[in-house]
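**Student:** Chain by chain, the residues:
Protein chains: 2
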Amino acid sequence: MSERALQVGVLGAGNWGTTLAQLVATKGHATQLWCRDPEQRHAINEQHTSEVSVPGLVLSGKVHAEAELAPVVAGSDLLLMAIPSQAFREVCRQLATVVPPDLPVVHCTKGFENDSNLRMSEILVRETCVRQFGVLSGPNIATEIARGKPAGTVVATRFPRIARLVRRALASSQLRIFDSDDLRGVELCGALKNVVAIAAGMANEMQAGDNAKAFLITRGMTEMMQLAFALGAQPATAAGLAGIGDLMATCASPYSRNHRVGAALARGIPLASVLHELGMVAEGVYAARSACALARAGNLRVPLFEHIERVLHEDLPAAKAVAALMELPTGRDVPRFGGQQLLQ
Amino acid sequence: MSERALQVGVLGAGNWGTTLAQLVATKGHATQLWCRDPEQRHAINEQHTSEVSVPGLVLSGKVHAEAELAPVVAGSDLLLMAIPSQAFREVCRQLATVVPPDLPVVHCTKGFENDSNLRMSEILVRETCVRQFGVLSGPNIATEIARGKPAGTVVATRFPRIARLVRRALASSQLRIFDSDDLRGVELCGALKNVVAIAAGMANEMQAGDNAKAFLITRGMTEMMQLAFALGAQPATAAGLAGIGDLMATCASPYSRNHRVGAALARGIPLASVLHELGMVAEGVYAARSACALARAGNLRVPLFEHIERVLHEDLPAAKAVAALMELPTGRDVPRFGGQQLLQ
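Those protein sequence lines, which keep their order, are chains B and E. For the first sequence, numbering that gives the first Met the number 0 assigns the number 0 to the initial residue and increments by one for each residue that follows. For the second sequence, numbering that gives the first Met the number 0 assigns the number 0 to the initial residue and increments by one for each residue that follows.
By construction, these hints were calculated from the structure, which means they are not laboratory data. Check before you lean on any hint, since a few could be wrong.
Because identical chains share one entry, a pair is satisfied inside a single copy or across any pair of copies.
[To be verified] Pairs of lysine-lysine, DSSO-like flavour, derived with a Cα cap of 30 Å: (1) LYS26 / LYS319; (2) LYS61 / LYS319; (3) LYS319 / LYS148; (4) LYS26 / LYS61.
Take the sequences, apply the hints, and build the full model.
**Tutor:** Following this line, the structure appears as structure tokens:
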């Protein structure tokens, strides 16, 4: 590459953050990975491994773990945020004290904040001076990417400069990066698909069959499109990598946490035990509640989301939910779009 | 049911035709199944089985196999056609001699005719006096439905009377029937998705990973939407049961013929042997050629369809095709719709 190497900061040393740092470093860029855990930091810097986040991965020497935010941000050309949705605001508050207003920030988080039901970019704008931002989302199971398998992803932003920077930092024959101008739609699809994946995991575990699983996923996709459209997204975004693409990978992969949550619930395991056993965040568990709240605010019926929410938080047995969803009243196969947006 | 029982004719005693006949009969309707094979006919009428088409199924006594078309058509309230695409015209020619012009006909065939690249409803209208017609399509793997597993499907027609008849004949808590007014879109999605399923089967066999498989399916979906739109379909139809729903089931199910064709090709087995071993029609093998021809006529690029066509008919190795598709130039994640239609 004839362009100069970048300096890229990555916030979040979990599964996806660590994998992203590795991809950036592999392209020859200096990569600062914010990592609060001293043991993990030591392993990254001294042994070039991070067994807690990506078992088996040998990290590039260009990935440097940092305890503090300031040195990660200082001098960076681009900041990638891979922070769980419920910790996102707190990290933004810390970031606010050190981030310059012209630093491009791209988040890679698929979720809503509890209670506020805000998207991550909304929190970023409310808590920091950052105004040039984007989102990276798509069928990107980190475990596969860390093993060198190929994938496609979407960067959605209103800033062409950010799309170019993300390409320079990350694009390769292994990670194909596509463009979108629908930031809102990409964020909403990324958050909502996790709920559909929980439903698919339930249907799978119950051996409902591939027809029934495809039926449920399609109904979920329809509700996703309607809700995202009502919230100001372009409906076509749901047909892209961040929508149906991500849904497809999430519903197929044994690595998907949300899918595993659905399967465990179908076996009758209580949610608390499922999450404890998982040991990681399953974003769909939070997103179900936000999706239902947002739909209610817009007078929109989202039966699949409502049933999953009831399984997660109101003890509705998974088998009853799947049976009820299979017997919902029939009607138009796909909704009409093009009318008025319900919410903004 | 307080409504009188219908008389329903089913043309085609294969996997899907036999399953449909069973569903109709189970609802209490008299069902005439056109079956040209004397042994199969004898088994259906005397032993209530049809091991060659649906192994293990015990047929309702209300399914009656008929050797001739005339008695199947005479007195029928509704005709269902489950005939392979390449035999569809010949059956229409026979049907033309016995069918009354006001008989509602619903076909259940997912393919194009070779060379003419026509949809099944186009052939029906050209060869017969039938003018009230529809299509039934969706994630409906026959083997699962015959085993009593639930599914959803779409009936697309311009005639509300036909949608009502199909519901009376087939709808149940096991088979949920949704509506569409986009006959063209439902036919196109049903035919095109089989080509994408071949690509998914290849990626699966090559262990390209769930990210890559989802990427390829999404690119295929995008090309499907663009081509269907160019041919006069509504793009949203691809997001429904007949589009992404069917694609999802086809790409997941071990029973899918097209998926199996893709997997066998990836193992290096020549197409002729694959089809011989399968012993059944894999519609995607024909649909790939038609899709490419239709796209060429509209100056539309469909790289995924083109690569699969080359694997099928020009000896391009499957591994090379998948590698090339993973490295196609990037760009917009989803195409813009709403401009002019390219073809009609």
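**Student:** Can you give me the call for LYS319 and LYS148, within, between, both or neither, at a CA distance of at most 30 Å?
**Tutor:** between (38 Å within a copy, 16 Å between copies)
**Student:** Cα distance capped at 30 Å. Does LYS26 pair with LYS319 within a copy, between copies, both, or neither?
**Tutor:** Result: close only across copies, 25 Å inter versus 49 Å intra.
**Student:** Using 30 Å as the alpha-carbon threshold, which applies to LYS61 and LYS319: within, between, both, or neither?
**Tutor:** neither (51 Å within a copy, 33 Å between copies)
**Student:** Have a look at LYS26 and LYS61 and pick one of within, between, both or neither, based on CA distance no larger than 30 Å.
**Tutor:** Cα proximity of LYS26 and LYS61: one copy only (10 Å, versus 67 Å across).
Taken one by one, the earlier hints fail for this structure only at number 2.
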